[in-house]
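Chemist: Protein chains in written order, with my numbering: chain A, 1122 to 1234; chain B, 161 to 274.
Hints were generated in silico from the structure; no laboratory data involved. Predicted model, so just to flag it, every value in this text is computed and none were measured. C-beta: ideal position from N, C-alpha, C; glycine also.
Restricting the straight-line Cα-Cα distance to at most 27 Å, the calculated cross-link-like pairs of lysine-lysine (DSSO-like) are: (1) Lys1221(A) to Lys1157(A); (2) Lys262(B) to Lys1157(A); (3) Lys1221(A) to Lys1191(A); (4) Lys1221(A) to Lys1172(A); (5) Lys262(B) to Lys1191(A); (6) Lys186(B) to Lys1157(A); (7) Lys1172(A) to Lys262(B); (8) Lys262(B) to Lys186(B); (9) Lys1157(A) to Lys1191(A); (10) Lys1221(A) to Lys186(B); (11) Lys1191(A) to Lys1172(A); (12) Lys262(B) to Lys1221(A); (13) Lys1172(A) to Lys1157(A).
Just so you have them, the derived chain A footprint on chain B, three or more residues with Cβ under 8 Å: (14) 202 to 208; (15) 241 to 255; (16) 261 to 267.
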Amino acid sequence: GQQLNQSPQSMFIQEGEDVSMNCTSSSIFNTWLWYKQDPGEGPVLLIALYKAGELTSNGRLTAQFGITRKDSFLNISASIPSDVGIYFCAGTSSTGTASKLTFGTGTRLQVTL
Amino acid sequence: DAGVTQSPTHLIKTRGQQVTLRCSPKSGHDTVSWYQQALGQGPQFIFQYYEEEERQRGNFPDRFSGHQFPNYSSELNVNALLLGDSALYLCASSMRRRTDEKLFFGSGTQLSVL
Chain A
1122 GQQLNQSPQS MFIQEGEDVS MNCTSSSIFN TWLWYKQDPG EGPVLLIALY KAGELTSNGR
1182 LTAQFGITRK DSFLNISASI PSDVGIYFCA GTSSTGTASK LTFGTGTRLQ VTL
Chain B
161 DAGVTQSPTH LIKTRGQQVT LRCSPKSGHD TVSWYQQALG QGPQFIFQYY EEEERQRGNF
221 PDRFSGHQFP NYSSELNVNA LLLGDSALYL CASSMRRRTD EKLFFGSGTQ LSVL
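Make the full structure from the sequences, and use the hints.
Modeler: Here is the structure:
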């Protein structure tokens, strides 16, 4: 099935550093969401974006819905050890409902002290 | 307020067998969706149930079927299991009529097919 392209695939960063990751699609999406998944758990919603150009923050996390509606970005400021996990972008296209999400390939974040 | 609950947490089956996975949605939610997550991949949409009917389906064969009950809980059935069906199966619930509909996921059922 289709998956969105996320980059980077994985990253090691030091505690306190800022993190940026992005997600791209070949087609337009109406909604972009960012999830975090810890081992043995389901994805947890971090941020939801509903309009092109929208910039939304949730604590140290900031995400943007790209103007072209084909991409989205997630930034994490001042990373801490509990930020470790896999981050997934997800989106809904014009043919799907909000329940039918297309997920990205994931960015694995590892933080070193 | 209980979130999305799934059972069992782990399951081991052999090829050709059938399996049933269960899901209770978050309180107040009326829509249940099922996703398959293979190791190292993002979740893939299987299907969605609303008002006890399958409303949308992803690219999965008919071996995958489901059901939604009047209390909004749901089951995912997989027949004639293949080795490639080994994955984490995630249930997600939402409130369909909200314009900002958001999906909340359970912890999943880890299915191993031997």
